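*Asks:* Heads up: the protein sequence lines correspond to chains A and B, in order.
Counting from 1, position 70 in the first sequence corresponds to residue 1471 in the working numbering; the numbering is continuous, with no gaps.
Counting from 1, position 67 in the second sequence corresponds to residue 77 in the working numbering; the numbering is continuous, with no gaps.
In short, the hints are calculated from the structure, not lab data.
Nothing here was measured: the structure is a model prediction, and the numbers come from that model.
A portion of the hints provided could be inaccurate.
What the hints assert, rightly or not - Think about it this way: if two alpha-carbon atoms lie no more than 30 Å apart in a straight line, the pair counts; the simulated DSS-like pairs of lysine-lysine are: (1) B:42 <-> A:1445; (2) B:131 <-> A:1413; (3) B:12 <-> B:43; (4) B:113 <-> B:12; (5) B:131 <-> B:43; (6) B:131 <-> A:1458; (7) A:1458 <-> A:1445; (8) A:1445 <-> B:43; (9) B:113 <-> B:131; (10) B:12 <-> A:1416; (11) B:113 <-> B:42; (12) A:1445 <-> B:131; (13) B:36 <-> A:1445; (14) B:12 <-> B:42; (15) A:1416 <-> B:36; (16) B:113 <-> A:1413.
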Amino acid sequence: MKQNSKKISFRKSLKRSALSFASMMPMILSIVGLMGLFQAMVSKELLASLFTGDPVKDTLIGTVAGGIAVGQALVSYILGGELLEQGISIYAVTAFILAWVTLGIVQLPLEAEVLGLRFTIYRNILAFISTILVSIGTVWTIGVIG
Amino acid sequence: MKFRGLRLLLVVGLMYLLLFFYDEAKMSVAVKKAAMLFGELMLIFPLVIVVMALITYYVDPRKIASHLGEESGLRGWMIALSAGIISHGPMYAWYPMLEDLIKHGLKKGLIATFFYARSIKIPLLPIMVAYFGFGFTLILTLYILLASVIQGLLIDQICGRSKKCDLEE
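Using the sequences plus the hints, can you model the full thing?
*Replies:* Here it is as structure tokens:
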């Protein structure tokens, strides 16, 4: 009996999890839709054209561009490699590839909906600042170590 | 069941409609890209649903609170870092599970740590090494781990004391 009631409970918890997901589907579909739009409208060339050649400005631009961009992390590595070849500073490229995976403007509405608006704002501000600092720290450390 | 995000979905739908009249070819590309993304999600969602169900079924909520709650200490940070590194797929695929864990006492700082640690993609590390070098990859990874924990600690400071980040706000 205990075993039977356990089985029912697991089914219930599975159903509950599935329903929780289902309730978020409109939001998730919205995010997916926005990502599709972004990938169609913003080309790699357009992203690359945002950089100015000034390491300080480019680090900020890289963080913002990476935060707005969507797609597989692998794409950011490839794009980052191309940007380096074009002479964009390693600070900017590091910020770009890190922001690509840590920040996400497109999914902010869903994050705020699920985890709370204040948490979302604080977390993303901290992630933005961390990305810049980690990028500077990484490049500086590589420079010191040689 | 209450569906969340219906208004946003309507707005996105209108954006696609506008794009259809403005540039049908681009709309077609957008639809294909979105469909591919959705397809990838469908591979991950069943995993997340099962993980959520297993946690709910097998794990005593008090244990969640002790391992991932306010008193979780170093263990909580290690779990958040490890889970972030191991977790797969887009960030938003994990939101439902995190929402569930918050109700069982997961502290907000660990969520921030989990999210930032997700930037370490183990399967992609060799590719990063190929593009940027081993030293760069190692240093970046170490700084990401450090930044993940610092963010978590700061979020706990900001959100913890004044309960400013509660879901019921």
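*Asks:* For each hint, tell me whether it holds in the structure or not.
*Replies:* Status of each hint after checking the structure:
1. B:42 <-> A:1445: holds, 18 Å
2. B:131 <-> A:1413: violated, 33 Å
3. B:12 <-> B:43: Within the cut-off at roughly 28 Å; holds.
4. B:113 <-> B:12: Satisfied, since the Cα-Cα distance of roughly 18 Å is no more than 30 Å.
5. B:131 <-> B:43: holds, 22 Å
6. B:131 <-> A:1458: Answer holds: residue 131 of chain B to residue 1458 of chain A is near 27 Å, not above 30 Å.
7. A:1458 <-> A:1445: holds, 19 Å
8. A:1445 <-> B:43: Since the Cα atoms of residue 1445 of chain A and residue 43 of chain B sit roughly 15 Å apart, the hinted pair holds (cutoff 30 Å).
9. B:113 <-> B:131: Given that 30 Å is the threshold and the Cα spacing comes to 28 Å, the pair holds.
10. B:12 <-> A:1416: holds, 15 Å
11. B:113 <-> B:42: violated, 37 Å
12. A:1445 <-> B:131: holds, 22 Å
13. B:36 <-> A:1445: holds, 15 Å
14. B:12 <-> B:42: holds, 29 Å
15. A:1416 <-> B:36: Violated: residue 1416 of chain A and residue 36 of chain B sit about 38 Å apart, past 30 Å.
16. B:113 <-> A:1413: holds, 18 Å
The earlier numbered hints that this structure contradicts are 2, 11, 15.
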